[in-house]
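Visitor: Chains as they are written, first to last, in numbering that gives the first Met the number 0: chain A, 0 to 294; chain B, 0 to 237.
It cannot be assumed that every hint is accurate.
Said to hold, decoys possible - Which residues of chain A face chain B? A partial, calculated answer using Cβ under 7 Å: (1) S55; (2) N175; (3) N180; (4) G183.
Unchecked claim - Partner residues aside, some chain A positions facing chain B, computed with beta carbon under 7 Å: (5) G166; (6) L167; (7) N174; (8) V182; (9) I184; (10) S211; (11) L266.
Just so you know, the hints here were simulated from the structure itself, not pulled from any lab data. Every residue gets a Cβ at the ideal spot worked out from N, C-alpha and C, and that includes glycine.
Here's the letter readout for the chains.
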Amino acid sequence: MSLFIQRMFDGLAEGSIYALLALALVVIFRSTGQLNFAQGEIGTLCAFFASTFTLSGLPVWVAILLAMAIGFLIAAFVERVVVRPIEDRNPGAVIVALIGVFLAVNQLSAMFWGVDARSLPSLFPTNADSFFRIGDAAIRWERVGIIGVLAVVVVLLFLLFNRTKIGLAMRAVANNQESSNLVGIRVGNILILGWGLAGAIGALAAVMLAPSAGLTGTLMLGPFLYASVAAVLGGLDSPVGAVVGGLLIGLLKAFLIGYVDFLSDMLFPVMLVVLLSVLLFRPAGLFGTEKVERV
Amino acid sequence: MSENLLEVRGLSAGYGQIEVLHSLDFHVADGEIVVILGANGAGKTTTMRSVSGMIQRSGDVLFDGNRIGSARPDAVLRVGISQVPQGRGTFTDLTVEDNLRAGAYSVKGSIAADIDRWYDVFPRLAERRDQRAGSLSGGEQQMLAIARAMMNRPKLLLCDEPSLGLAPIITQNLFKILGELRDEMGMALLVVEQNAGLSLQLCDRAYVLETGHIVASGTGDELLNDDTVKQAYLGGAG
Numbered sequence: 000m001s002l003f004i005q006r007m008f009d010g011l012a013e014g015s016i017y018a019l020l021a022l023a024l025v026v027i028f029r030s031t032g033q034l035n036f037a038q039g040e041i042g043t044l045c046a047f048f049a050s051t052f053t054l055s056g057l058p059v060w061v062a063i064l065l066a067m068a069i070g071f072l073i074a075a076f077v078e079r080v081v082v083r084p085i086e087d088r089n090p091g092a093v094i095v096a097l098i099g100v101f102l103a104v105n106q107l108s109a110m111f112w113g114v115d116a117r118s119l120p121s122l123f124p125t126n127a128d129s130f131f132r133i134g135d136a137a138i139r140w141e142r143v144g145i146i147g148v149l150a151v152v153v154v155l156l157f158l159l160f161n162r163t164k165i166g167l168a169m170r171a172v173a174n175n176q177e178s179s180n181l182v183g184i185r186v187g188n189i190l191i192l193g194w195g196l197a198g199a200i201g202a203l204a205a206v207m208l209a210p211s212a213g214l215t216g217t218l219m220l221g222p223f224l225y226a227s228v229a230a231v232l233g234g235l236d237s238p239v240g241a242v243v244g245g246l247l248i249g250l251l252k253a254f255l256i257g258y259v260d261f262l263s264d265m266l267f268p269v270m271l272v273v274l275l276s277v278l279l280f281r282p283a284g285l286f287g288t289e290k291v292e293r294v
Numbered sequence: 000m001s002e003n004l005l006e007v008r009g010l011s012a013g014y015g016q017i018e019v020l021h022s023l024d025f026h027v028a029d030g031e032i033v034v035i036l037g038a039n040g041a042g043k044t045t046t047m048r049s050v051s052g053m054i055q056r057s058g059d060v061l062f063d064g065n066r067i068g069s070a071r072p073d074a075v076l077r078v079g080i081s082q083v084p085q086g087r088g089t090f091t092d093l094t095v096e097d098n099l100r101a102g103a104y105s106v107k108g109s110i111a112a113d114i115d116r117w118y119d120v121f122p123r124l125a126e127r128r129d130q131r132a133g134s135l136s137g138g139e140q141q142m143l144a145i146a147r148a149m150m151n152r153p154k155l156l157l158c159d160e161p162s163l164g165l166a167p168i169i170t171q172n173l174f175k176i177l178g179e180l181r182d183e184m185g186m187a188l189l190v191v192e193q194n195a196g197l198s199l200q201l202c203d204r205a206y207v208l209e210t211g212h213i214v215a216s217g218t219g220d221e222l223l224n225d226d227t228v229k230q231a232y233l234g235g236a237g
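Can you build the whole structure from these sequences, using the hints too?
Guide: Here it is, written out as structure tokens:
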């Protein structure tokens, strides 16, 4: 039982990383209908920045906020300079351009930070005795901290989307750009803002993961794949779905590794099965909206 | 200079290399209901989109002392012009109430009183305030589109084919409401329509638009009794 609880927290913490990344994907997908392939890599680049900031003596939380700001700027830049000009001419080509951005960002971080693993301190205590007990289960504070970060992000996003004028504009643009223009929303600015927001959330996912996973250029490669499956599972247009999907995938992974020995080396094939099952039997995902409308 | 609320001179517009509107002149006076009548492809929607700043255009557009011939949509809204787009264009995934809030995006200050007011005018919307707009019927969506446009507190309301896809009885009711809005608020209306019968009865004046040219104009009654208009838009015999 104690092992089960430990694995559950492992899964939820890892799932929180996927959930953050999936949220970033969903925020962009809702507004532009694009899957941002560069999302993970932008996060990795930001984690490298954070590591350099902490080495120069800045407190970890300041380094994290700066990294998120950089993530915001990079993603906003990608929207304005890469995505929008191409989308106006050929929407289908954007996906190829984003894979290009993926490669470019990946190489950039290798160029400036090399290929050796860097360290990034955690925001939370990571000493050998930094845990608490539930019965016999030892739960590391870092795990709880990451889950807490996800909770804070979810609450802030909920307030942004549902309680502010900017959030209303973001939902309006996600739904109907033409009508958004007609009510006076500067659609271009809102798109930039949405991408920037996703960039910041993606950066947060990376700096949460890096301390335990080790900071290398491939930090977000696996998590990006898990997050993509999570986003599809939850529904690509649903922020709630991204969170639930991320946590489910995290738990699935932790329990497979823990309890199903022969599958623990085949996690990606398992994810492929999950992905295909969702697409075949529930294409809109658990929380996504199926497009049924009266005219 | 003139007492006209909206004064359009030499308005041309199109898409890419193709010019759709060829130097249109028309005007709307304060509190007036003006209809632009045209068949499919005449350029009605392009005319609306030119006034509201949704597309590139050339020519002079004067509104209430402002030159808006090259203004962007958000600037056009702020001087007091709202548009109800063709096909209603409601935010289908948003609730009815959020649609109204979005309509007031350019309005500074409290909008609670406006929302209550439009719920009074359209009680159906009040009943459905928490429902997704996409779940409303066509007629209800048209009401929502009008209420959303009115949230901007316009001096001029542009309506792009409000009768499209609606049953005649609903269209009739809709036009009645538009007329009442004008009477109560002194607001002006510019409506483009194919439905000549109803819209000419509603309006003060009308223009006939054919392939991007204005080919006739007059009061609603004059055009209702005009032989060419009867032929083209009122099913012949009249």
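Visitor: Against this structure, judge whether each hint is valid.
Guide: Verification of the hints:
| no. | hint | result |
| --- | --- | --- |
| 1 | S55 | 43 Å, violated |
| 2 | N175 | 5 Å, holds |
| 3 | N180 | 5 Å, holds |
| 4 | G183 | 4 Å, holds |
| 5 | G166 | 10 Å, violated |
| 6 | L167 | 6 Å, holds |
| 7 | N174 | 4 Å, holds |
| 8 | V182 | 5 Å, holds |
| 9 | I184 | 6 Å, holds |
| 10 | S211 | 38 Å, violated |
| 11 | L266 | 34 Å, violated |
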